Amino acid sequence: MAERVAQPAEQAGLPEPAVALEWLGSMMLIRRFEERAGEMYAKAKVGGFLHLAIGEEATIVGSTRALRDQDYLISTYRSHGHTLARGSDPDRVMAELFGRVDGLCRGRGGSMHMFDRENRFMGGYGIVGGNLPLAAGFALASDYLERDEVTLCQFGDGASNQGTFGETMNLAALWKLPVVFMITNNQFGMGTALERHSAITDLLRKGEGFGVPGMRCDGMDAVDTYNVTSEALRIAREERRPTLVEAVTYRFRGHSMADPEEYRTKEQVDEWRKRDPLTVFGDQLMEAGILSEDEREAMDRDTIERVDRAVAFADASPHPSPNDLYDDIYVLGDQVRGWYSVDERTPTPHRGEDETAMDRADLPHAAEHAATTPPGDASQREED
Amino acid sequence: MAVMRYREALNSALREEMERDPNVMLMGEDIGVFNGAFKVTAGLLDEFGEKRVRDTPISENTIVGMGVGAAMTGLRPVVELMTINFSLLAMDQIVNHAASIRYMFGGQVRVPLVVRMPQGAGHQLGPTHSHSWEALYLHVPGLLVAVPTTAADAKGLLKSAIRDDNPVVFIEHEYLYGQRGEVPDDEDHTVRFGEAAIRREGSDVTIVGISRMALTSARAAKTLSEEHDVEAEVIDPRTLRPLDLDTILASVRKTNRCVIVEEGWPHGGVGANLAALIQEQAFDDLDAPIQRVTGADVPMPYSKPLEQIAFPHEPQVVDAVLATFRDR
Ligand SMILES: Cc1ncc(C[n+]2csc(CCOP(=O)(O)OP(=O)(O)O)c2C)c(N)n1
Ligand SMILES: [Mg+2]
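So the protein lines, in turn, are chains A and B.
According to my numbering, the stretch in the first sequence is residues 1097 to 1480, in order.
According to my numbering, the stretch in the second sequence is residues 137 to 464, in order.
Take these hints with a grain of salt, some might be off.
A few chain A residues that face chain B, going by a derived Cβ cut-off under 8 Å, partial list only [what the hints assert, rightly or not]:
{"no.": "1", "residue": "G1121"}
{"no.": "2", "residue": "N1257"}
{"no.": "3", "residue": "Q1258"}
{"no.": "4", "residue": "G1262"}
{"no.": "5", "residue": "A1394"}
Some but not every residue of chain B turned toward chain A, in silico, with C-beta under 8 Å [to be verified]:
{"no.": "6", "residue": "S195"}
{"no.": "7", "residue": "G258"}
{"no.": "8", "residue": "L261"}
{"no.": "9", "residue": "T264"}
{"no.": "10", "residue": "T359"}
{"no.": "11", "residue": "D382"}
{"no.": "12", "residue": "T383"}
{"no.": "13", "residue": "P437"}
If you want the ones that stay clear, here's a sample from chain A, every Cβ over 12 Å from chain B, calculated [as the list claims (entries may be wrong)]:
{"no.": "14", "residue": "Y1173"}
{"no.": "15", "residue": "G1233"}
{"no.": "16", "residue": "P1309"}
{"no.": "17", "residue": "I1331"}
I should point out that these hints are in silico values taken from the structure, not numbers from a laboratory.
Values in this document were obtained by computation on a predicted structure and should not be read as measured data.
Every residue, glycine too, gets a C-beta built ideally from N, C-alpha and C.
Assemble the whole structure, with the sequences as input and the hints as a guide.
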């Protein structure tokens, strides 16, 4: 084991050693998890689109670590890391990628649509710009119900061109809502470079005209991201006003797995890779004497094993049953006892039809649902 | 005749129409440098330059709206939306603006706009990327709605759409992009809106298949013939607005049975509408209730087994056809 240098952590701007190590662990988990997810995609264990945030881990971890447990986080289709950073069980995140019943969303959402109510990860959304109004809505509810919660809303540079961006900025500022908007500026909206999609490339300024002041952080630096996000969250909490934080970062991989990356050069990617947040932060911890070479390697091995277990778990989890297809479309109750649908008139009508004739308590559907209600739902009921 | 893929047929329609008319221009997200999310616009930026092939920011409602405005004042814009799901963000411009403008301004202006978009399930893209919503656009007076299924129709209908003076919602299908077909070489090969294609002749039952489901229906018809001794007539309407109801009615009058197959939701679907039209006009010719085969009444799930049962396949079409014989 290397000798610990007696250099106080603050000197490098680092948090307490235990905290710094936890951040590194979280970043490592996201990285190794996503690398494996990519491999699983190549093996067709994962379907649909897979958007990896490799390169953006410091933005994810730095910002989410500034949140308290009761705060809300909402993100996009690129959100495996966000839900993991918020504390989701890697087994269940991987199972969701595999489309299995033990997935966070029981296999309904897949990679682009993660959600973990228990950990207040309020979802990844497949519609670019669709999550901004929702975030302002969370903040509206927090404000209205006088709850001590703040919402952190993350979206991409490309999303800042969507109509919902301006509309949400205005309302959040007008109604003084406790929300922080964070643009994860990874330099591209799909294959379109920032300067080709946005007239203003100082994205932090994009909210100013709407009354939302901007700040910028180095999204490749977890500490800087943490500090700036913390200040933004403080303003939301204490001063009751929104801010816009631009986190400047880079995605190392393609937009999704099917991206030939003809719109950028390998040199540009390599240049940014020199600032790989995982490497840089790990090196910082070693320089500060918080971490030895051996410990770092051991951490990485453990992380890889953890991800291996997640893959094994996901693979062992069953596919959803065809009988579940119609579950959870509605909250069943006095108004909706079931519903009548006419699709695929096969000899066996689907349950939606049967339910209309049944007493609600007898619904196989209702019983099944109660039995599989994830633990997080209990808190929902208390609050609601 | 040349054999090409559906996406190449669309590409050549765009190229030819851009060569033919300098006021045809393209707008869309990642259609230029990236060559299009589904590569339909591949090469066009290089060929026609940035003035005519424009990568736009992610701003669906506004780019469609700009297309409407430019169409009102002299251009023939073709706007690409990455999927039909994202067209909901532009619904306001498509319905409140493009479709209504000519009518509400007393016929003073034309809106020669084409909005292209693919639809369809089967790639596990989940509930925000996989729907089939021709019914939403079928609902709207003022729009033309195309649902091409072959490479030749994709090309011919797109050329007609671009030359037409009405706003056109042009619905492609993700599954069909890679399908090959024969396409006439003629630069003036167009397919007229409002003319259905009879994909297979038959005397026992009429199957109307919409978008990709025209292909599924044709496969079902083969099985029905080989295994059940039922000769199905398969009709692909090709456009839903205008709809070639005459061809469908003539077929139903001959076969006395009808099954309508679509990938979208059942309530308020294309089949619901068509069944109403057929029973209004050919009730006495029907020997059995009209059957519909549709996508399941659910948001599209990601899970592969769930997704696979949430949209129709050949066996369901076969079952529905056989049901029209059992019902008597
Ligand atoms: C409304 C809508 N339009 C288009 C898309 C297709 N699309 C998915 S991601 C993306 C790029 C978004 O870029 P950005 O906001 O910068 O986020 P990033 O992918 O870089 O994380 C596009 C165009 C979509 N999902 N939703
Ligand atoms: Mg981006």
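Let's test the interface hint: is any C-beta of chain A closer than 8 Å to that of G258/B? violated (10 Å)
Against chain A, run the beta carbon of T264/B and see if the smallest gap drops under 8 Å. Nearest chain A Cβ about 3 Å off; hint holds.
Given G1121/A as an interface hint, is the shortest Cβ-Cβ distance to chain B below 8 Å? Violated - the Cβ of G1121/A stays beyond 8 Å from chain B, reaching only about 29 Å at its closest.
Interface hint outcome for T383/B [beta carbon to chain A under 8 Å]: violated (25 Å)
Satisfaction of the T359/B interface hint, Cβ to chain A closer than 8 Å: violated (16 Å)
Any CB of chain A closer than 8 Å to the CB of S195/B? holds (5 Å)
Once the shortest beta carbon distance from A1394/A to chain B is found, is it less than 8 Å? violated (36 Å)
So P1309/A supposedly isn't at the interface. Is its beta-carbon more than 12 Å from every beta-carbon in chain B? The assertion about P1309/A holds, with a minimum of 23 Å to chain B.
Let me know if the C-beta of Q1258/A comes in closer than 8 Å to any C-beta of chain B, holds or violated. holds (6 Å)
Have a go at the P437/B hint: is there a Cβ in chain A nearer than 8 Å to its own Cβ? holds (5 Å)
Can you verify the interface hint for N1257/A: is its Cβ closer than 8 Å to any Cβ in chain B? Cβ of N1257/A sits 3 Å from chain B, so the hint holds.
Regarding the hint that L261/B lies at the interface with chain A, is the smallest CB-CB distance below 8 Å? holds (5 Å)
Checked against the numbered hints listed earlier, the structure breaks hints 1, 4, 5, 7, 10, 11, 12, 14; every other hint is satisfied.
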